[in-house]
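Position 363, counted from 1, in the sequence shown is what full-length UniProt numbering calls 363; the numbers after and before it change by one each time, with no gaps.
Calculated directly from the structure, the hints in this document are not laboratory data. Hints may contain errors.
Stated by the list, open to error - Listed below are the simulated DMTMM-like cross-link pairs for lysine to aspartate or glutamate, each with C-alpha atoms no more than 25 Å apart in a straight line:
1) 299 with 257
2) 253 with 221
3) 240 with 252
4) 299 with 262
Claimed, not checked - What follows is a list of derived Cβ distance ranges for each label pair:
5) 174 with 136: 15 to 25 Å
6) 264 with 175: 47 to 57 Å
7) 207 with 157: 53 to 63 Å
8) 174 with 253: 24 to 34 Å
9) 256 with 294: 17 to 27 Å
10) 139 with 55: 51 to 61 Å
11) 294 with 143: 19 to 29 Å
12) 207 with 150: 18 to 28 Å
13) 122 with 66: 17 to 27 Å
14) 66 with 297: 52 to 62 Å
15) 188 with 245: 29 to 39 Å
16) 101 with 122: 17 to 27 Å
Remember, predicted model here, so these are calculated numbers, not experimental data. C-beta atoms are modelled at their ideal positions from N, C-alpha and C, and glycine is treated no differently.
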Amino acid sequence: MDACSLVHCHLPRPLQLPLLAPPTPSRHRPRVASALVCCCCPAAAADHHQERPWEWYDRAIQSHAGSDLARSLGLLADMQASGGRPSGSAYARLIRALSRAGRALEAEALLLEMRRLGPRPEAAHYNALLEGLLAAAHLRLADLLLLQMADDGVARNRRTYTLLLGAYARAGRLEDSWWVLGEMRRWGIRLDTAGYSMLVRLYRDNGMWKKATDLVMEMQEVGVELDVKIYSGLIDTFGKYGQLADARRMFDKMRAEGVRPDISTWNALIQWHCRVGNMKRALRFFTSMQEEGMYPDPKIFVMIISRLGEQGKWDEIKKLFDGMNNRGFKESGAVYAILVDIYGQYGHFRDAQDCIAALRAENTQLLPRVFCVIANAYAQQYCTWTRIFLRYSAFEKQHSGFCLVQLISLPQCSRDCVNKL
Numbered sequence: 001m002d003a004c005s006l007v008h009c010h011l012p013r014p015l016q017l018p019l020l021a022p023p024t025p026s027r028h029r030p031r032v033a034s035a036l037v038c039c040c041c042p043a044a045a046a047d048h049h050q051e052r053p054w055e056w057y058d059r060a061i062q063s064h065a066g067s068d069l070a071r072s073l074g075l076l077a078d079m080q081a082s083g084g085r086p087s088g089s090a091y092a093r094l095i096r097a098l099s100r101a102g103r104a105l106e107a108e109a110l111l112l113e114m115r116r117l118g119p120r121p122e123a124a125h126y127n128a129l130l131e132g133l134l135a136a137a138h139l140r141l142a143d144l145l146l147l148q149m150a151d152d153g154v155a156r157n158r159r160t161y162t163l164l165l166g167a168y169a170r171a172g173r174l175e176d177s178w179w180v181l182g183e184m185r186r187w188g189i190r191l192d193t194a195g196y197s198m199l200v201r202l203y204r205d206n207g208m209w210k211k212a213t214d215l216v217m218e219m220q221e222v223g224v225e226l227d228v229k230i231y232s233g234l235i236d237t238f239g240k241y242g243q244l245a246d247a248r249r250m251f252d253k254m255r256a257e258g259v260r261p262d263i264s265t266w267n268a269l270i271q272w273h274c275r276v277g278n279m280k281r282a283l284r285f286f287t288s289m290q291e292e293g294m295y296p297d298p299k300i301f302v303m304i305i306s307r308l309g310e311q312g313k314w315d316e317i318k319k320l321f322d323g324m325n326n327r328g329f330k331e332s333g334a335v336y337a338i339l340v341d342i343y344g345q346y347g348h349f350r351d352a353q354d355c356i357a358a359l360r361a362e363n364t365q366l367l368p369r370v371f372c373v374i375a376n377a378y379a380q381q382y383c384t385w386t387r388i389f390l391r392y393s394a395f396e397k398q399h400s401g402f403c404l405v406q407l408i409s410l411p412q413c414s415r416d417c418v419n420k421l
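I would like the entire structure built from these sequences, with the hints used as guidance.
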């Protein structure tokens, strides 16, 4: 019988925990056969016959829980076989490690073991299991765990509410998020920086950008410092809903308070200014980012040159490339591919061929996308090439088209030669 079957045979259904048993006062208890540990202990077979003190086992279980979970469970089996029981801290680390590894049923088994045999579970143990359930989007099971936590008389703390707020914000459960905030205010628990960052994300995803402005005032009143994550989230929120003036004011406030923008801050500013066609400001932010030693996200760079291509600003594209070359930035195949695409769409076939020549000069692997877009560019201009390309690629759908485009790009190959194929 495998481990999963043993757990199902010896344990109740998930999160249908029985009432708490009175805890045994002694730290060292008679030997207990744990269904979970008995099926997970082969990692500690080498140390099985060596008797060690209780403190050594407890420290070793905690130290290995984050890096070598199998060994930690094996040490737990040896400890219980020698008549010992782990401390509450060791249980908390094991439950957290199992939950993060997606093994929520085994984490629940350890919590059930604590409830039956002691030590009595505390908020840290419930939070460890709650974290795993929320990470796996088991929101219904998380709600049941909260009810069990209340039945056992364990009070929720800041960590509990922070986990719930983050999960509800990610899932878009707006009403549940308001409930969490109301509970925190009811019990006098203030949001920390991480909590406010989640709240900013919630406002952004639900179109409540005006509330984001009120949120800044609230944070200043309660004395919570705005970090780069919160600033970036606010800038992204304002930009997403077209409030670019507010986004720029928030950016200026960020710089004035000595908070250094990260790559996500610059990306948000550049992205939303590109979306509305304000390329002058987008390029200004792009240059400032590079002056601070940060290189652009390829997606953002592609967006910039795409917008410039749509506006026919070929000189700006060239200037952009020259500036990046002077700073030692090497263009990737994806960047060249989008350039080929833009040049092809607007009839700049010579420039598109120059991009391919540059790729070859740098001994860069030519991506299939590069060949596809230049073939598409030629096809838009010359219908006879379209017929040839379709007829030729019908034989070998993956490679023949690429070979044909390679032949086309050779300077000694004329269109008449290709027509004869």
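Hints and how they fare:
Between residue 299 and residue 257, the direct Cα distance comes to roughly 29 Å. Violation of the 25 Å bound is thereby established for this hinted pair. Proximity of residue 253 to residue 221 is assessed by CA-CA distance (about 16 Å); at most 25 Å being required, the pair is judged to hold. With a C-alpha separation of about 18 Å, the suggested pair residue 240 and residue 252 falls inside the 25 Å cut-off, and the hint holds. Of the supplied pair hints, the one linking residue 299 and residue 262 holds, its CA atoms being roughly 16 Å apart against a limit of 25 Å.
For residue 174 and residue 136, the Cβ-Cβ distance of about 21 Å falls inside the hinted range of 15 to 25 Å, so the restraint holds. Under the hint 47 to 57 Å, the C-beta atoms of residue 264 and residue 175, about 29 Å apart, miss the expected range. For residue 207 and residue 157, the Cβ-Cβ distance of about 32 Å falls outside the hinted range of 53 to 63 Å, so the restraint is violated. A C-beta distance of roughly 28 Å is found between residue 174 and residue 253, which places it inside the suggested range of 24 to 34 Å.
Residue 256 and residue 294 have their C-beta atoms about 20 Å apart, which keeps the hinted 17 to 27 Å range intact. A beta carbon spacing of about 39 Å between residue 139 and residue 55 contradicts the range 51 to 61 Å that was offered as a hint. Between residue 294 and residue 143 the beta carbon distance is about 42 Å. The supplied range of 19 to 29 Å is therefore violated. A hinted range of 18 to 28 Å for the beta carbons of residue 207 and residue 150 is inconsistent with their spacing of about 34 Å.
For residue 122 paired with residue 66, a C-beta distance near 20 Å keeps the hint of 17 to 27 Å intact. Our hint of 52 to 62 Å for residue 66 and residue 297 is violated, since their Cβ atoms are close to 31 Å apart. Under the hint 29 to 39 Å, the C-beta atoms of residue 188 and residue 245, about 37 Å apart, fit the expected range. Taking 17 to 27 Å as the suggested C-beta distance range, the pair residue 101 and residue 122 conforms, at roughly 22 Å.
Comparing the model with each earlier hint shows violations of hints 1, 6, 7, 10, 11, 12, 14; every other hint is respected.
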